[in-house]
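Based on the sequences and whatever the hints tell you, model everything.
Residue numbers (full-length UniProt numbering), protein chains in the order written: chain A, 1 to 284; chain B, 1 to 418.
Among the clues, some could well be false.
As the list claims (entries may be wrong) - Calculated pairs, DSSO-like style, for lysine-lysine (alpha carbon to alpha carbon, straight line, at most 30 Å): (1) Lys126/B with Lys234/B; (2) Lys116/B with Lys125/A; (3) Lys25/B with Lys35/B; (4) Lys205/A with Lys117/B; (5) Lys38/B with Lys123/A; (6) Lys157/B with Lys202/A; (7) Lys205/A with Lys165/B; (8) Lys123/A with Lys116/B; (9) Lys123/A with Lys212/A; (10) Lys38/B with Lys117/B; (11) Lys157/B with Lys212/A; (12) Lys394/B with Lys354/B; (13) Lys113/B with Lys258/B; (14) Lys157/B with Lys205/A; (15) Lys202/A with Lys126/B; (16) Lys125/A with Lys113/B; (17) Lys165/B with Lys113/B; (18) Lys116/B with Lys234/B; (19) Lys35/B with Lys123/A; (20) Lys116/B with Lys202/A; (21) Lys202/A with Lys165/B; (22) Lys205/A with Lys163/B; (23) Lys38/B with Lys125/A; (24) Lys113/B with Lys202/A; (25) Lys113/B with Lys123/A; (26) Lys202/A with Lys163/B; (27) Lys35/B with Lys117/B.
By construction, these hints were calculated from the structure, which means they are not laboratory data.
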Amino acid sequence: MLNFMENVEAMPVAEWTTNFVSRLTDTFAFLFDPIKDGLGNLMDVITSGLDAIPPIIFILLVAILAFFMTGRKFGLAVFSIVGLLFIWNQGLWDQLIDTFTLVLTSSILCIIVGIPIGILMSKSKIAQTIITPILDFMQTMPAFVYLIPAVAFFSIGVVPGIFASLIFATPPTVRFTNLGIRQVSEELVEAADAFGSTGPQKLFKVELPMAKYTIMAGINQTVMLALSMVVIASMIGAPGLGREVLSSLQRAQVGPGFVAGLSIVVLAIIIDRFTQNIYKDRSK
Amino acid sequence: MLQKVILMMTIMLQKKEVNTVPIIKVENLSKVFGKNTKAALQLAEAGKTKEEILKETGSTVGVNRASFEVEAGEIFVIMGLSGSGKSTLVRLINRLIEPTTGDVYIDGENLAKMDKKELRRVRRQKLSMVFQRFGLFPNRTILQNAEYGLEVQGMSKQERSEKAKTSLELVGLGSYLDQYPGQLSGGMQQRVGLARALANDPEVMLMDEAFSALDPLIRKDMQDELLDLQETMKKTILFITHDLDEALRIGDRIALMKDGNIVQIGTPEEILMNPANSYVEKFVEDVDRAKVLTAQQIMKRPETVNIEKHGPRVALERMREAGLSSILVVDSKRVLQGIITADAANEARKNEVKNLSEIIQRDVPTVEKDTPLHDLFAVIHDSPVPLAVTENGKLLGIIVRGAVIGALAGEGEVNENA
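Here's what the structure looks like:
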């Protein structure tokens, strides 16, 4: 009696999804191909541009930037030099540049997509009600799952990796933008209205400037999530440090796996401190 | 002939009406928060209380059929405790909150029926607002804050910074232009709020508990400063407060609110002396009348003699008629000259002195017409003769001791024409 489910046929959700995705692939093939080519080319340009810079110059530039961004402190600058020299020394420089390009591109795309959606959510209760569960879904679905349709749309390589990162890493930017704008004190919003601001004036002169620290916190999270996707993205052929980790795993090589993993950690710390410092509220 | 007179009178009346056209006119303005607005309004009209309506409909009546007019140059205070709907009412006037029903006319234009574009125009040109917690933009400098209203109008950078500087100088902050709000004290921040509101030269300023967040001493300074500014600016000010002393101090007229209803509208004296109901009465019972009432409001019409026309005989005559032991002396322009006692006048008559100037005492205790009662005590205590009340040297009235005590007890007559 308790096993009544044996007599009920399984709902063909998997089948539906498969059909849906393959239909999407067929219908929008004309869109996916140019996106794949365009994005692929863009990343090639960025990668070759970064590759053209000799590593030692690159490292020094990062260190100088770190010194000034942290308010003339040596901590991050020294860490950047030591960490990046280590990666170079381990012969992982090219992989580092690949990974960096992947993170940079997907983060920028996340921001371009995420901030407007966040603004929309903050302005419309309906939009917020609809988008919030979608964001929950995007963040809780295991990231591996996105790889499957990504490959279906863009075949293997770096572009499907970006697509998967985009889905996985955009939610924090959207959420924090929404939160930041909603947190602007009511009196300031009233002041903006009372003096006759238009909607865009209110947004750009009051709400976004007031929300920028919160939005930056969201962007920081997005960048970190994008970075966490590099190993996963390497499973569908994205190059970089992630691929090193993956191949070490496949060959059960502890040493090289640790080195590649450590390199990712170094990159993560540098990127995290940089994004935290871009818009730090120094007046507080 | 009679027709002509009537015609003239009607013309005069019409003229008067044109002159006193109200800048703000609020008619039957209501706001219901919640879903069932129609039912709530009907119940409110039927005289149900806020709680009853909330229980029956689930909606809260914020403001219930408020109607009043504010004339140009007037400081109109809306006063009430928290939850009385005063902050809602002021936000209905510039439509930060959408009215449920009713009309708001600013300078003859109905704000309640405007589209967004029109509303923006009126907000930019005719209305401005000062906020309780100042509402300054922390990421903008003092100058940029004061410029905000002009900036959104699309005014050129040079012109708007010129105007903003002028209005910052007006509030005494001309040397703080590049500071940020966080670097200033509360009182100074609110001056910036005031300067921002003055910068676009509005006809109406809405001040929502503008001084409530300041400590008492600064608050009093700001009240004085507002009154000083008002002397020269002649704006129409709608001032919201929960502080009765503040209301009485700065208000030309006061509207008292309770549970979304306007309970009484009147001058400070009317509210104090003729409370419309027991609520108002209870409200004003603790007011320090000595700080509110002024010399002008308790003075009486003076008996006088004219130094240029009259002699000791007339002076004596008038004193006897009025039962006085001394009489004030003025000239033909009613400028106070001094006082003559009955004894001196009697002496002068015996000695055949014709001219009052020979027996006059020039030293008369005098107060200005707007001296508060509070400051009269010491003067009147030391004086054997009544106090003379003057305005620019001209005699307006006299104050006897009994009038001061009577006014304190809330019994004395208060001059309505004050």
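Inset, instruction - Take a quick look at whether Lys157/B and Lys202/A sit within 30 Å of each other, Cα to Cα. - result: 18 Å, holds
Inset, instruction - Assess, step by step, whether the Cα of Lys38/B is no farther than 30 Å from the Cα of Lys123/A, and give holds or violated. - result: 27 Å, holds
Inset, instruction - Measure nothing beyond the straight line between the CA atoms of Lys38/B and Lys125/A; if it is 30 Å or shorter, mark the hint as holding. - result: 24 Å, holds
Inset, instruction - Measure nothing beyond the straight line between the CA atoms of Lys125/A and Lys113/B; if it is 30 Å or shorter, mark the hint as holding. - result: 25 Å, holds
Legend entry - Holds or violated: Lys123/A to Lys212/A, with C-alpha atoms at most 30 Å apart: This hinted pair holds, its Cα atoms lying about 16 Å apart.
Inset, instruction - Compare the distance between the alpha carbons of Lys126/B and Lys234/B with 30 Å, and conclude whether the hinted pair is satisfied. - result: 14 Å, holds
Legend entry - Proposed proximity, Lys35/B with Lys25/B (alpha carbon, max 30 Å): Holds, at about 27 Å.
Inset, instruction - Take the C-alpha atoms of Lys157/B and Lys205/A, compute the straight-line distance between them, and say whether it is at most 30 Å. - result: Distance of about 15 Å is within 30 Å: holds.
Inset, instruction - Decide if the proposed pair is consistent with the structure: Lys113/B and Lys202/A, CA atoms, cutoff 30 Å inclusive. - result: 23 Å, holds
Legend entry - Pair hint outcome, Lys202/A versus Lys165/B [Cα-Cα no greater than 30 Å]: It holds: about 23 Å lies between the C-alpha atoms, which stays within 30 Å.
Inset, instruction - Assess, step by step, whether the Cα of Lys123/A is no farther than 30 Å from the Cα of Lys116/B, and give holds or violated. - result: 17 Å, holds
Inset, instruction - Take a quick look at whether Lys113/B and Lys123/A sit within 30 Å of each other, Cα to Cα. - result: 24 Å, holds
The structure is inconsistent with hint 17 alone, although it conforms to all the rest.
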